[in-house]
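Chemist: Sequence:
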Amino acid sequence: MELSILLIQQICQLFIMIFFGFLLVRGRVLTAENSKVLSILLLYVACPCAIINSFMIDFTSDKLIGLGISFLGAILVHIIFIPLANLLGKIFGFTPIEKATLIYSNSGNLIIPLVGAILGNEWVIYSSGYMVIQTILLWTHAKSLVCNEPSFDVKKILLNINIIAIIIGICLFMFQLQLPSLLVDTFSKVGSMMGPLAMIVIGMLIGEMDLRSIFVEKRTYLISLFRLVVFPLIMILIFKFTGMSRLTVDADKILLITILAASAPPAATITQFAQLYNKHPGYASIMNVMGVIFSIITMPFMIMIYQLL
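Under numbering that gives the first Met the number 0, the sequence shown has 167 at position 168, and the numbering climbs by one with no breaks.
Everything labelled a hint here was simulated from the structure, so no lab data went into it.
Hints are not guaranteed to be accurate.
To be verified - Calculated cross-link-like contacts (lysine-lysine; reagent style DSS-like; alpha-carbon spacing at most 25 Å):
1. K252 - K239
2. K89 - K278
3. K278 - K239
4. K252 - K62
5. K239 - K62
6. K239 - K35
7. K89 - K188
8. K35 - K188
Given only the sequences and the hints, what does the whole structure look like? Please build it.
Modeler: Next up, the structure:
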């Protein structure tokens, strides 16, 4: 029950942040076009800082094993989600932006503060497994999917600031390199902007839209059903009935974090990609908002099922 209440509180906070962005545009303080600047700040400043900050913890063998489980869970999630989205795309005629919305979740903005509030800050590191795997895929597979690019530019991928941040973070953790406290505090504060910025951008995009269009778009209901219920339920069954949740003493809690990430609303980054590359950003925002609305019910329900099995 405590977990469900905290989930609802965190999701309601996302709504308030979205409303701030909505008011900025409706009050004519800013235009929806101005949100591109915030998207750039989010993708190229706040996100890299959040990634590096998540790796700044003490190294122990137990944490290394736990990280291995979190990475394994995240890899398995995407091995299942990507081909499943492609299959559903053929059946229902989903567009690239719809398939990307099905696959990628808001695993950073929502999950990191949620894990800290529920399990304690010492468990936040295990959310980085999902975040790292998804960040790599967002800047390779998802970007290629949204932008209709048939192949990856390896040079661009390796030189991407978020991929560089992942490499730096892994090196800091594995070799226990200590950064000056000034830098650590800076990365922490800038990284904490990731959630608010992402939600404000979505609100700004919605601010120029007819609100009725959010609820009359029938396909978003189908997308939300798969993203928030069907996909995470498949992973719950896999984790529980394959014995993965019993690999170690902490495996059940670590995979609970993975389920939280897998059952979260659509990734705000997909909306930013859609906006930066002019790939139906308004529709991407609608799918994101609908996902946030329904997740108030679906996320607590998914976690309840996981804990009962």
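Chemist: Which of the listed hints are broken here?
Modeler: 3, 6 and 7
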